[in-house]
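Trainee: Turn these sequences into a full structure, and let the hints steer you where they fit.
Protein sequences, first through last, are from chains A and B.
For the record, in the first sequence the residue sitting at position 79 is 79 according to this note's numbering, with numbers rising by one throughout.
For the record, in the second sequence the residue sitting at position 268 is 268 according to this note's numbering, with numbers rising by one throughout.
Incorrect hints may appear among the rest.
Given that identical chains are not distinguished, each listed pair holds provided it fits within a single copy or across any two copies.
Simulated crosslink set (EDC-like; lysine to aspartate or glutamate; CA at most 20 angstroms straight-line) [what the hints assert, rightly or not]:
1. Lys-289 <-> Asp-265
2. Lys-290 <-> Asp-265
3. Lys-293 <-> Asp-265
4. Lys-337 <-> Asp-5
5. Lys-289 <-> Asp-132
6. Lys-322 <-> Asp-222
These aren't lab readings, by the way, just hints derived from the structure by calculation.
Protein chains: 2
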Amino acid sequence: MAGRDLPKGNAAIGQSGGPTAVINQSLVTCAMALRKLPHIKRVLGMRHGVNGLVKDQVVDLGRVNAQHLAQVARTPSAALGSSRDKPDKAYCEQILAACRKHNIRYFFYIGGNDSSDTCRIVNELAHTSGYDMRCFHIPKTVDNDLMLSDHTPGFPSAARFLALAFMSDSLDNASLPGVKLNIVMGRHAGFLTGAAALARGDGRDADRNGPHLVYLPEVPFDQQRFLADVERVYARLGRCQVAVSEGIQNAAGAPIATTLVQGLDRDAHGNVQLSGVAALGDALADLVKKNVKSGGSSIRVRADTFGYLQRCWPDPSPVDIKEARAVAAFAVRLAAKGELSGSVAIVRKRSKPYASEMKHIELSDVAGKTRHMPAEFIDGHCNVSRAFLKYSLPLVGPLPIMARL
Amino acid sequence: MAGRDLPKGNAAIGQSGGPTAVINQSLVTCAMALRKLPHIKRVLGMRHGVNGLVKDQVVDLGRVNAQHLAQVARTPSAALGSSRDKPDKAYCEQILAACRKHNIRYFFYIGGNDSSDTCRIVNELAHTSGYDMRCFHIPKTVDNDLMLSDHTPGFPSAARFLALAFMSDSLDNASLPGVKLNIVMGRHAGFLTGAAALARGDGRDADRNGPHLVYLPEVPFDQQRFLADVERVYARLGRCQVAVSEGIQNAAGAPIATTLVQGLDRDAHGNVQLSGVAALGDALADLVKKNVKSGGSSIRVRADTFGYLQRCWPDPSPVDIKEARAVAAFAVRLAAKGELSGSVAIVRKRSKPYASEMKHIELSDVAGKTRHMPAEFIDGHCNVSRAFLKYSLPLVGPLPIMARL
Chain A
1 MAGRDLPKGN
11 AAIGQSGGPT
21 AVINQSLVTC
31 AMALRKLPHI
41 KRVLGMRHGV
51 NGLVKDQVVD
61 LGRVNAQHLA
71 QVARTPSAAL
81 GSSRDKPDKA
91 YCEQILAACR
101 KHNIRYFFYI
111 GGNDSSDTCR
121 IVNELAHTSG
131 YDMRCFHIPK
141 TVDNDLMLSD
151 HTPGFPSAAR
161 FLALAFMSDS
171 LDNASLPGVK
181 LNIVMGRHAG
191 FLTGAAALAR
201 GDGRDADRNG
211 PHLVYLPEVP
221 FDQQRFLADV
231 ERVYARLGRC
241 QVAVSEGIQN
251 AAGAPIATTL
261 VQGLDRDAHG
271 NVQLSGVAAL
281 GDALADLVKK
291 NVKSGGSSIR
301 VRADTFGYLQ
311 RCWPDPSPVD
321 IKEARAVAAF
331 AVRLAAKGEL
341 SGSVAIVRKR
351 SKPYASEMKH
361 IELSDVAGKT
371 RHMPAEFIDG
381 HCNVSRAFLK
391 YSLPLVGPLP
401 IMARL
Chain B
1 MAGRDLPKGN
11 AAIGQSGGPT
21 AVINQSLVTC
31 AMALRKLPHI
41 KRVLGMRHGV
51 NGLVKDQVVD
61 LGRVNAQHLA
71 QVARTPSAAL
81 GSSRDKPDKA
91 YCEQILAACR
101 KHNIRYFFYI
111 GGNDSSDTCR
121 IVNELAHTSG
131 YDMRCFHIPK
141 TVDNDLMLSD
151 HTPGFPSAAR
161 FLALAFMSDS
171 LDNASLPGVK
181 LNIVMGRHAG
191 FLTGAAALAR
201 GDGRDADRNG
211 PHLVYLPEVP
221 FDQQRFLADV
231 ERVYARLGRC
241 QVAVSEGIQN
251 AAGAPIATTL
261 VQGLDRDAHG
271 NVQLSGVAAL
281 GDALADLVKK
291 NVKSGGSSIR
301 VRADTFGYLQ
311 RCWPDPSPVD
321 IKEARAVAAF
331 AVRLAAKGEL
341 SGSVAIVRKR
351 SKPYASEMKH
361 IELSDVAGKT
371 RHMPAEFIDG
381 HCNVSRAFLK
391 YSLPLVGPLP
401 IMARL
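Mentor: In structure tokens:
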């Protein structure tokens, strides 16, 4: 449903939610493409998403030197600044007022499911107010939890970090054997925790390489079963490397972080703060220390919480760079051909080698919804399936070969 | 004092202490060089250092395909396995017995100050027992705390990891502003924590880039002063990124980890376990949350403990690769020309660009001793000096350019 008459005016771009290693690729591609459209006069960047827009904190991206923008594109994290605001109706009225003031007719918002919901609400409000503004969501989230997309920009680079991290940490653990627990980002979806399994490689050592156990938020976590799992692996290999999602839950749906740890902070939405706090790892390590013995003696147990490095490590996956640009270019093309709104999904082609194409989807298809690991990606209660490894391997780029003696 | 008559027999190589990203470069260089010496018959690798040697767990490195060894060299962590054993007299007798049994006449031990002490004791015992065995220590430690060396193999790669980590984490923090505390390895020496400051770069943003505060174990840590520091930076920039050594101590020399956190584990030597546990970061974050406000409201505070990834990240510094090979090749040359024992120090040349040369030092120069950050590398109570940045920058290899809007 394209509106043939393209409104003349300005465009605005915002970044929202947790940053990624490639979100600036989307930003810069979007800005450069918009600069070329004749009916768009100014290309504005919102500082810290809609938060900056309503405070009149915008930057004129049309005036930034293209060479500098190319360097910004290669820089991890959100160059405009990001925001965690979840605007209500009144806030959205302010956003619309700011858009009118700046004569913004094209609104691009780069983010995850919350950000696409902001985009959807602003779009509806503009429509019902009779203000001709076209709103487009450009997907981005390391959590890989957007509906209808094969995967999301940001995920391949974070998955690459995790594959490298588990690979080198497993060698460290083999060198000084013990139980090593690594806590991975992803409150609701286990894709990133699952990506740890790429560290095993496909060589003859694959079944001895870590991670030996993988606990996803999609599978209820049982403490006794967990301890038995660790004990079994330790008995077989003399060591055990474990990937644990920060969002693991018990059968009743309560986060394990809250059942094991007292006094965790909660945000305005009542969600327990899971990132930037390492108590879950320490608590699980204590549990193992107290309950798992080897020949009657206590064993070496360590925990690391990988934290924010997972989402901004400056070694992005080549596929991720390419697709973060492609989703942004596609969104601008939608606007240029007169589409009124939408989001972009990445669709995997059936071809080999790996390739993808972009697809126009509705804002409502993705707004505020969460995708979980599908059942075929999960193997039992503490592993991912071969199908998941086949799915994620082409996304992360070349991994180093680790040779053992 | 070279013994002109080189004993004929076998050589053994061991790896000890915390692994690094380049310790296998030293191992493989040493093995390949020894394989070429006519008076050396077999080149044995000790599994998990002297622990494997006394248990007769050795691997014949002369039989491993050179191409595979080249791949092992590029693999992080200790391929032979490592050990934290600190042998006493009786243990050393067992080591010597194992050496006699395998006719080991050349003993190479790759490690830090504890490992060089093992090497020294074994050497003395062989000497007093009249067993002609030449013992050489090959330096390695991410902590950079060996005497007489400009720096140690392993440090440049770990410093590189930290520069990259603070760089990208600072951008993440700028994007979603708050106080971010990052805990860095290094119980006694602040070199690694100091290396975080390389993340600032030398562009026009250098004084706004993180880390804004750097707390070293060499400078007594005062909680009230720390809180005032954070408040001051936050008031100026609206955010604050902090590098904290895991080994920070109060004026009385007590680790802050023990003053803030109850129930930390201790090892056999009475040292509090600092790595693989994240309680210090969480405790400092709590302290900031409770005490630092902005305009009367609480602020966003997060902590990450970088953990074991610091020492084995598979992106080593090019200088580190080169020098890890050079120290091992030099140690073998010492043996080949008839030296009886020794360790190797890296000496920086005064030339530009950066270059170094190897120097023969005594085992007793380095054994069991710890080097701290010299005073000229420290600036006030919460920063490193320009001299430190000048010292460490050439070691870490090229860092990416981070561009901001």
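Trainee: Next step is simple, just say for each hint if it's right about the structure.
Mentor: Evaluation of the provided hints:
1. In this assembly of identical chains, Lys-289 and Asp-265 lie within 20 angstroms of each other by CA distance solely across copies; the values are 10 angstroms between and 26 angstroms within a copy.
2. Taking the closest pair of Cα atoms, Lys-290 and Asp-265 come within 20 angstroms of each other only across two copies (12 angstroms); inside a single copy the shortest separation is 26 angstroms, beyond that limit.
3. For the homomeric pair Lys-293 and Asp-265, the shortest alpha-carbon distance between copies (16 angstroms) is at most 20 angstroms, but the shortest distance inside one copy (33 angstroms) is not.
4. In this assembly of identical chains, Lys-337 and Asp-5 lie within 20 angstroms of each other by CA distance solely inside one copy; the values are 10 angstroms within and 85 angstroms between copies.
5. Neither within a single protomer nor between protomers do Lys-289 and Asp-132 lie at most 20 angstroms apart by alpha-carbon distance, with minima of 62 angstroms and 45 angstroms respectively.
6. In this assembly of identical chains, the alpha carbons of Lys-322 and Asp-222 never lie at most 20 angstroms apart, being 40 angstroms within a copy and 48 angstroms across copies at closest.
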